[in-house]
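What follows is the residue order along each chain.
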Amino acid sequence: MSETEDVNDPGDVREEETVESDEFEPVQVFGDSESMDLRPGSDDCYKCSTCDTNCPVAEVDDEFPGPKFQGPEQWRLKRKDDREVDDSITSCSNCMRCDSACPSDVPLSQMHNTARGEFVSEQMEKLSREYVRNRILANYGTLARLGSKVPRLTNFVMGNSLVQTLNEKLLGITSEREFPEFAEETFREWWEKRGGTAASKERAQEARAQRGGAKIERDEKRVAYFHGCYSNYNTPAVGKATVRVFERFGYEVLVPPQQCSGTPMFANGMLEDARRSAETNVRELAAAIEDGADVIASCTSCSMALRQEYPELFDFEGTASVAARTYEAAEYLRLHEDLDGALADAEVDLDPVGTEVEGEEDGDAEFAYHAPCHARNQGIAGQAVELLDHLDGASAEDVGPSCSGISGTYGWKAEKYDASMEIGAEMIEHMEEADAETGLTECPTCAMQMEHGTGYDVRHPMEVLEDALVDGESA
Amino acid sequence: MTDTEVVVVGGGSTGCGVARDLAMRGVDVTLVEQGNLTHGTTGRMHGLLHSGGRYAVSDQSSAQECIAENRVLRDIADHCVEMTGGQFVQLEGDPDEYFEEKLAGCRECGIPVEVLSGQQAREEEPYLTKSVKRAIRVPDGAVDPFRLCVANAASAEEHGARIETHAEVVAVLKNGTQVTGVEVRHDSGPGKREHRRAGERETITADHVVNAAGAWAGQLGEMAGADVAVRPSKGAMVVTNCRQVDTVINRCRPKGDADIVVPHEATAILGTTDVEVDDPEDYPEEQWEVDLLIDELSKLVPILGEARTVRSFWGVRPLYEPPGAATEDPTDITRDYFLLDHADRDDLAGLTTIVGGKFTTYRLMAESVADHVCGKLGVSADCKTADVPLPGSEDFSVLREYMDEFGLRSPVGRRSVQRLGSRADEVLTTDGPNPVLCDCEAVTRAEVRDAIEGSGTDLNAVRIRTRASMGNCQGGFCCHRMAAELHPEYDESQSREALDELFQERWKGQRHALWGEQLSQAALNYALHATTMNRDRDPAEGDGTLDFGRFDSGAPNRPEETEARDGD
Ligand SMILES: Cc1cc2nc3c(=O)[nH]c(=O)nc-3n(C[C@H](O)[C@H](O)[C@H](O)COP(=O)(O)OP(=O)(O)OC[C@H]3O[C@@H](n4cnc5c(N)ncnc54)[C@H](O)[C@@H]3O)c2cc1C
Ligand code: SF4
Ligand code: SF4
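Listed in order, the protein sequences are those of chains Y and D.
Per the working numbering, the first sequence runs over residues 1 to 475.
Per the working numbering, the second sequence runs over residues 1 to 568.
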């Protein structure tokens with residue numbers, strides 16, 4: 001409970017943190033403008049090692065020195081003209097668990113991201129297989145844009161085992177995993193076809209009229225939806241569900257132009273790529289905020305990037321306000337609407353349903369819910385389970401606090417595949433033990449790992465909310 | 001026949017420098033020091049390798065000595081020096097005339113200077129305040145006094161000198177008007193320090209005694225019956241957790257308190273104050289000094305106002321006044337050094353005192369003493385200390401390229417090699433694993449073991465050689481790891497005593513930094529040590545012996561054993 005309340009803190013610290021104290025605003029620290037001086041961040045570390053004991057990679061990879069070394073210790077030992085970064089930084093999966101574990105507010109993931117960026121731009125061989133592979137993985141959005149132009153062909157080619165073997169041999173992308181399929185119609189295509197914002201406005205008004213009584217009412221409610229790459233190219237159903245649920249609560253949805261949130265780029269130290277994407281995103285989302293919208297995302301890594309990583313790494317105009325006004329989709333509804341009440345009044349009959357539990361006749365659809373690390377960081381790890389508690393006909397069982405192990409692109413790297421599966425083992429085991437045969441999570445790559453490990457279908461909470469709250473749409 | 005030709009009293013920079021110089025000229029030397037090396041002022045100084053800029057207006061001959069020695073040390077003590085560069089910063093409102101005088105003074109003394117605009121100064125040092133008007137860039141540097149002294153002592157030993165630490169001179173031996181040696185009290189030994197080993201007294205006869213006892217020189221003079229008017233003056237320094245500046249930042253104003261920040265290893269040191277004291281061993285360490293440093297210097301570097309400080313420490317300047325000077329304000333007493341020939345001065349042959357001066361010019365001071373003593377002894381060898389690199393600084397540039405080879409992670413390897421210089425290969429090449437023992441300062445087991453070889457159970461001596469326990473946890477996480485390395489060569493009770501001593505020393509400096517983050521750190525250290533090592537035990541209880549046989553080996557208990565234990 002208190003987890004969600006934290007986020008609602010009126011004295012939202014994110015805004016403060018992004019406004020530099022004028023007094024000691026540094027001009028430029030490590031020479032080149034890209035790199036930041038995070039040495040003072042080490043002041044907060046009192047070496048308790050809580051971060052190390054929470055790091056899923058350190059747990060399975062003996063070669064990985066852990067976040068305490070990677071972050072505050074390594075930064076503290078730096079000097080202006082002598083600041084080589086240890087190559088172990090590339091083993092950090094950027095799950096950001098260390099961030100939320102630290103009792104002392106050490107900016108760990110900012111330290112990792114910055115160090116990784118430095119390592120990649122200054123120390124990594126630009127023609128190496130690893131660099132090329134990471135660049136490709138980091139720029140999944142671009143790849144997906146091309147692939148989804150001819151989805152069936154791409155799906156066919158990528159599903160081909162010969163191609164998978166080549167990927168592994170040439171690029172070091174594991175052949176153990178199935179590439180995600182591209183949808184035949186992207187979310188944006190659907191959105192345009194459906195009539196874009198104008199249609200959304202109409203639907204929102206209808207919903208307000210239906211539920212609120214008078215048609216001319218209080219201020220318009222507006223959200224800008226950051227769908228991210230994955231729900232655009234691979235799971236448009238999640239995007240559609242999000243749009244419909246918000247419209248159901250009377251929100252006009254905007255879908256501003258957008259690029260990759262940057263999450264996979266941070267994780268691979270491709271800060272220049274991330275900067276380009278972030279610049280577009282901040283510009284577009286800041287404009288939507290100007291128009292009175294708040295920003296929502298259905299992917300927890302996307303909202304994490306907008307809320308925390310952007311202000312930590314970039315300083316475009318509007319970065320702070322985008323960070324302060326971005327929310328995870330369900331989190332937003334819980335803050336501003338009576339989502340719990342609406343769910344209590346609703347009921348679902350979901351298919352596929354979970355296993356019938358002996359002695360229980362209602363035949364609830366059972367989900368095995370995994371909270372993504374980045375949801376944990378935003379204080380919403382308990383949210384999905386709580387929501388489904390209110391809903392008749394569905395329930396979710398939390399499969400525990402472990403990391404899924406895929407961490408975006410990490411688990412796709414051939415050399416990290418085993419570690420990824422070892423990290424994920426606990427989650428997979430708990431999923432199998434749970435009374436459910438369908439998974440549930442907000443994060444698309446966690447979903448891949450869940451599916452890969454158990455063979456279950458995996459849904460997004462927004463899809464369940466859609467089933468519960470939205471009457472069918474034919475568009 | 002005497003035991004040795006020359007006894008040098010004092011293991012600070014001056015004494016170590018003298019011992020090396022004489023030994024390299026083929027003189028048989030014994031150095032005695034009451035604590036470990038750098039126990040005195042040398043271990044409690046600011047770490048500035050002067051460019052001479054600070055003296056360029058007030059004392060030009062010192063300034064010229066400084067720039068000359070600055071160049072020499074970069075060469076012969078490469079591994080102890082970091083050429084950070086420095087700035088004299090003028091803030092809005094600071095006098096223009098002084099800035100001009102400083103600039104002209106530096107040029108007159110041959111100190112290379114460059115004037116930076118406020119913007120340029122801030123580009124070089126981003127945390128400088130916005131109200132920087134302009135700055136003068138000078139070749140200031142950072143120097144590690146510990147490493148430098150230890151290297152001088154090691155070099156002296158290589159040339160046949162005997163170095164005795166924890167050996168206090170309790171009497172100066174005389175035969176009429178001829179000084180004939182000293183009587184020392186060994187704390188443990190002679191030889192390497194070993195806790196719980198009984199010490200003894202030793203008489204060391206010599207042809208000549210050099211009094212390099214710094215602020216204690218007066219006391220030593222007294223033992224010999226000579227009046228040496230040392231006026232000790234204390235100065236406070238505050239150590240921050242990390243480096244806010246990478247160059248030396250001086251405030252460009254006529255002399256005053258709290259006007260300089262020196263980057264030192266992973267930290268920055270703020271300094272200093274200047275207050276005359278009676279006793280160099282016993283003087284008050286006052287909180288106002290700490291507050292003053294932080295307040296004043298955060299006008300120059302505002303982030304310092306928020307910075308974590310890990311400890312504060314005080315040193316005493318061994319200022320000397322020739323008889324009859326009686327200067328009122330200690331800040332007006334000259335910083336020059338004096339060589340006192342007691343044969344001339346007090347009709348006391350066989351004794352020379354060297355006092356005053358600064359760390360940066362230690363080698364020059366040592367050279368003049370060695371020249372003088374050699375003259376007395378009839379030795380005609382030349383001084384070589386300006387040309388022959390110290391152990392650790394030989395062929396260092398070549399070695400820098402090989403840093404990665406010790407299998408250490410990047411910052412650990414880099415810092416280790418910077419500390420060890422050309423000795424890195426010898427020290428860091430190990431057969432077995434070489435874990436990091438001190439995480440804060442990136443010190444590995446191999447380096448700690450090497451230091452123990454050189455200094456016995458004296459963990460403070462290990463600390464100054466390696467920097468282990470000098471980082472942000474102030475030893476909370478590594479003192480015991482260091483102590484554990486003493487075993488099995490030394491037994492449990494010795495290791496424990498050595499640990500206590502180191503831990504107390506670390507605690508001493510933290511007392512003046514107990515707020516904010518360092519207070520959290522101290523609380524965590526306390527909790528850890530209390531709960532895992534029972535260090536909060538009532539000292540009055542028990543006889544201090546632990547029955548280690550009663551602890552199991554860590555292997556799973558066999559059932560009989562469990563039963564047997566149940567009975568207790
Ligand atoms: C606050 C402060 C900051 C300073 N900053 C700088 C700086 O940044 N740069 C710079 O160049 N200089 C600096 N100095 C000056 C410099 O530190 C000293 O001039 C220099 O270290 C003096 O070295 P020393 O060997 O003469 O004296 P010490 O280091 O004091 O050595 C004398 C030694 O004699 C030993 N001794 C005394 N009595 C006996 C006895 N009876 N038997 C055996 N041993 C005995 C003592 O234990 C001591 O170790 C600073 C000084 C102070 C106080
Ligand atoms: S981000 Fe995750 S993988 Fe990286 S150091 Fe932190 S906890 Fe470990
Ligand atoms: S959890 Fe935070 S305070 Fe503790 S060691 Fe890690 S970074 Fe330092």
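If you're looking for bench data, these hints aren't it; they were derived computationally from the structure.
Owing to the predicted nature of the structure, the values given are computational and were not obtained by experimental measurement.
Just so you know, not all the hints are guaranteed correct.
Stated by the list, open to error - Restricting the straight-line Cα-Cα distance to at most 20 Å, the calculated cross-link-like pairs of lysine to any residue (SDA-like) are:
no.: 1; chain 1: D; residue 1: Lys-130; chain 2: Y; residue 2: Gly-318
no.: 2; chain 1: D; residue 1: Lys-299; chain 2: D; residue 2: Gly-509
no.: 3; chain 1: Y; residue 1: Lys-80; chain 2: D; residue 2: Gly-93
no.: 4; chain 1: D; residue 1: Lys-133; chain 2: D; residue 2: Val-81
no.: 5; chain 1: D; residue 1: Lys-133; chain 2: D; residue 2: Gly-324
no.: 6; chain 1: Y; residue 1: Lys-80; chain 2: D; residue 2: Phe-406
no.: 7; chain 1: Y; residue 1: Lys-80; chain 2: D; residue 2: Arg-409
no.: 8; chain 1: Y; residue 1: Lys-80; chain 2: D; residue 2: Arg-122
no.: 9; chain 1: Y; residue 1: Lys-80; chain 2: D; residue 2: Leu-91
no.: 10; chain 1: Y; residue 1: Lys-80; chain 2: D; residue 2: Thr-129
Hint by hint, here is what the structure shows:
With a CA separation close to 25 Å, the supplied pair Lys-130 of chain D and Gly-318 of chain Y exceeds the 20 Å bound. For the suggested pair Lys-299 of chain D and Gly-509 of chain D, the alpha carbons sit about 24 Å apart, so the restraint of at most 20 Å is broken. Proposed proximity of Lys-80 of chain Y and Gly-93 of chain D is contradicted: the alpha carbons are some 30 Å apart, above 20 Å. Straight-line distance between C-alpha atoms of Lys-133 of chain D and Val-81 of chain D comes to about 29 Å, which puts the hinted pair past the 20 Å bound.
This hinted pair does not check out: Lys-133 of chain D and Gly-324 of chain D have alpha carbons roughly 43 Å apart, beyond 20 Å. Restraint check for Lys-80 of chain Y and Phe-406 of chain D: not satisfied, since their Cα atoms lie roughly 23 Å apart, outside the 20 Å limit. Proximity of Lys-80 of chain Y to Arg-409 of chain D is assessed by CA-CA distance (about 18 Å); at most 20 Å being required, the pair is judged to hold. Between the alpha carbons of Lys-80 of chain Y and Arg-122 of chain D the distance comes to roughly 14 Å, so the proposed pair stays at or under 20 Å and holds.
With a C-alpha separation of about 24 Å, the suggested pair Lys-80 of chain Y and Leu-91 of chain D falls outside the 20 Å cut-off, and the hint is violated. Between Lys-80 of chain Y and Thr-129 of chain D, the direct Cα distance comes to roughly 18 Å. Compliance with the 20 Å bound is thereby established for this hinted pair.
In the structure shown, a violation is registered for the earlier hints numbered 1, 2, 3, 4, 5, 6, 9, in ascending order.
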